[in-house]
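Participant: So you can see what is in the structure, the chains are spelled out below.
2 protein chains.
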Amino acid sequence: MSPEVRPQQFAVLVRDLPDLPKGQSRKEQVDSYFKAIYPDTFYRSMVVTNNKEANKIYEELEGYKKKLARAEAVYAESKSAGKPEGTRPTIKTGFLGLLGKRVDAIEYYNEKIKEIIPKLEAEQKITLKEKQLGAALVFFTSRVAAASAAQSLHAQLVDTWTVSDAPESRELIWNNLNIKFFQRQIRQYVVYVIVALTIMFYMIPIGLISALTTLDNLKKILPFLKPVINITALKTVLEAYLPQIALIVFLALLPKLLLFLSKTEGIPAVSHAVRAASGKYFYFTVLNVFIGVTVGGTLFKTFKSIEKDPNSIVDVLANSLPGNATFFLTYVALQFFVGYGLELSRIVPLIIYHLKRKYLCKTEAELKEAWFPGDLGYGTRVPSDMLIVTIVFCYSCIAPLIIPFGVVYFALGWLILRNQALKVYVPAYESYGRMWPHMFLRLVAALLLYQITMLGYFGSKKFIYVGFLIPLPILSLIFVYICQKRFYKSFSDTALEVASRELKETPSMEHIFRSYIPLSLNSEKVDDDQFEDALSQASRSGSFVV
Amino acid sequence: MSPEVRPQQFAVLVRDLPDLPKGQSRKEQVDSYFKAIYPDTFYRSMVVTNNKEANKIYEELEGYKKKLARAEAVYAESKSAGKPEGTRPTIKTGFLGLLGKRVDAIEYYNEKIKEIIPKLEAEQKITLKEKQLGAALVFFTSRVAAASAAQSLHAQLVDTWTVSDAPESRELIWNNLNIKFFQRQIRQYVVYVIVALTIMFYMIPIGLISALTTLDNLKKILPFLKPVINITALKTVLEAYLPQIALIVFLALLPKLLLFLSKTEGIPAVSHAVRAASGKYFYFTVLNVFIGVTVGGTLFKTFKSIEKDPNSIVDVLANSLPGNATFFLTYVALQFFVGYGLELSRIVPLIIYHLKRKYLCKTEAELKEAWFPGDLGYGTRVPSDMLIVTIVFCYSCIAPLIIPFGVVYFALGWLILRNQALKVYVPAYESYGRMWPHMFLRLVAALLLYQITMLGYFGSKKFIYVGFLIPLPILSLIFVYICQKRFYKSFSDTALEVASRELKETPSMEHIFRSYIPLSLNSEKVDDDQFEDALSQASRSGSFVV
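Just so you know, the sequences run in chain order Z and E.
UniProt numbering puts the last residue of the first sequence at 546; the count rises by one with no breaks.
UniProt numbering puts the last residue of the second sequence at 546; the count rises by one with no breaks.
Derived from the structure by calculation, the hints contain no laboratory data.
Some clues are possibly wrong.
The list makes no distinction among identical chains, and a pair is therefore deemed to hold if it is satisfied within one copy or across any two copies.
Below 20 Å or equal to it, Euclidean Cα-Cα: the simulated DMTMM-like pairs (lysine to aspartate or glutamate) are [as the list claims (entries may be wrong)]:
| no. | residue 1 | residue 2 |
| --- | --- | --- |
| 1 | K489 | D165 |
| 2 | K489 | D159 |
| 3 | K485 | D159 |
Produce the complete structure using the sequences and hints provided.
Facilitator: If you want it as structure tokens, here you go:
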């Protein structure tokens, strides 16, 4: 925890609120509950509302505002180009701007905005009054109170009044906050099953799709493609690569699918969902790329034989690893030649940006948006790095030539990604290093796999001193155990010692509270009294203690 | 949590204090740490001291006091019996009161007490000043603060400043408080290994002992037993029963051994140690009585065959259970006829008490001690009841005759043990129902074992509708899962909602604090300033907030 004031350190997320007692509002329920427990440090609460409708209207409004800015920029440009009066841009009001009456764009957008603003204000009122959900954000006047509340059991029934650390406001997944305790559990298991099935049997739907989308079938379904497909050269290429294309499309969509599934679990923060997706992706890559390629044959068959005789896993690894050394050597080399090359040069974003700047962007805001590099994408980067660690570790005893490749990969990675992370990408959220235990566990799992492979490989070569290697995995396990016991908890929970450190400045509770109001509900015009429905007033004017 | 003030609800136990910074005392270290985190609710701290020496002297003192009271009672009795001046009791000062000079008992004891009191006071001073250990009890002025502190992570390194619920002062195991985090972990594993070995291979040492202690060997080692052993009748009986006697002695000592081992783990509270011992004893009874008798042969062999083919466990159970139905029927019957008979009549304690009253006890205090029934002895009672549950469940489908026996056992148990618990035994500590989750898990494990046995048994009888039973274990597992998730945490941690309920009376913090001072350090004469070394003065005179 830094000495800077960070709103999330003063807040906790409360979920699974019990049913409302008669004649009480959600706000009163939450306020009276937390005031009783924290009479001195409770500041205020914010009941979570269903913002879908308000968000929709807000986005519409923002869309029109952008379009207005663009139309004005176009108008201003036309003015400067010789003609002092300029040409006012026009648009068609119908479908996609292609049909309908042609009207003056600036006037039209101004009208639309005028129309939407009262609609948004009305929706904001309705949302705050009538769309309150069974979850809330509770704010405390001290970091210690918030940190300790997030770690303590509040109600005797664990599935009511679940309190946890509040994520940063920008990474809150509002739609997940209302999902109840046991529903979250069930969703989690359902997602695990779906992911397991996807990982194990993903080849089946891809096979089906590529079987169905042969060229002849395509011609039948999409007859307008006929002239294209009938070109002989193209036909040959397509016929050879259609299954691969299906696979590539699947692999490109997989991280998004996994992130979607992770969000479906009911996780309240984006950073957590990314972490969960990254874990799932890691299993996919290790099982399919590493184990899949190594063991050859189908994954499922191998699992069955290992289940029958668990001790055979060492032999299976030792026997099948050596054959694929070359494949993985090229794999690692390709990753840093092509992957880091593209990463460092950022050729694709560069081309796209310049195309956009030339032909599409008219306003400052649009240019900024076109330039925006996004965040580092931990969800796919971390698992693929972990895969390389696993590969390099395991092959280092079979084909030591892989070691320099691994060294180059990670040395370049350190230089390049450090640069990209610090100077190019814009982080979308701050997770306070919670990715690290996740990575640590996978690193050590790779280490253990390597040590076991080494044992099996040296054993199968009848190396006499192989017995000396037996302490290695045991020492690794002890190391993991100590690390997990000693450090893990301070990643998942905030230590009170840290939370009680002095702050640089006196926190402004009002500012902290407002930082959690979603944009679509945060209107300059709406005066404070309207917020009182979902956002509690309790102790707002009270003095506040650091 | 009841509305009564209970000192343990205001305190937390802090272990694994880090090394002392230079120039700071333990007291200052603890006080400054907790004052920084809890500026409003911290009351005072008590550094744990090594009280071994003080305890020894204190017990010596108490012993002499008891003996003095007894001597005075004897003297008073002799007075009333006709002679007005009475006979002053005398004792010998040497070994066990058998050798040495004969002196007047009352004078001798008075002298001894006078001698020891300053010694105790000196030792108290030394203990408080110089024997401070790396653990402390910290007191808060509010129950919520204590309950939430016990659940929160305080330092970033999990193995320093470990905070947990304070046990009641009467059940604190002072000697365990100073054991460090990782040492506790190691001790735990070592104890688990020892217990596992004891459970699996306990027949080996018993066999060895009974082989060594044949009568011929006994004669050689203890020649003075010769005349006794040479009586023919006695010789036959002894020869037949010596191995059984060794077994009985082992079984009688086992609960004590397990309790000792559990305490060695470094557990800070007696109730927790009893729970741990009870769990270990359950495994012993189930493995040796239930599985051992059922499967016949040696336990180890069966385990090996199950390990080779895990699916065979159902067949093993289904095939070997029926043969032993009669044995277990009599086992259950014996348990309630003999066990509850002895329990209800309390014949043995009755005889012992009357013998003691007649021949040994002279003073009121001694009579009370002779009458004292102790506590219910959860450590052995719970596991043996759990064993009966397991037996009755598993045999109910094979020999349904066992069901009425089971019903009678538990119906009688409810009547008798309820009476004994409420009216006879004196509880040694209050664990707030923490034994229940422990029992619940074993009850459900028995239920699952029963359902699997039933599946296997009906399956082996080729019952067609056996498939309908398959949902049963699945439903049980879901039930356990939901119960564990929903209720378990409120047994291990205090819900803040509960801790924030109103108290009947305003708690006296001074009283709460003093209730934790061990008897051997709590002297009327020692004035408060002396306590300042190990017992902190911080905020003692400060106003206090409920």
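Participant: Please go over all the hints and tell whether each is borne out by the structure.
Facilitator: Each hint tested on the structure:
1. K489 with D165: both (14 Å within a copy, 18 Å between copies)
2. K489 with D159: Classified as between; 10 Å across copies, 22 Å inside a copy.
3. K485 with D159: between (27 Å within a copy, 8 Å between copies)
Of the numbered hints stated above, none is contradicted by the structure.
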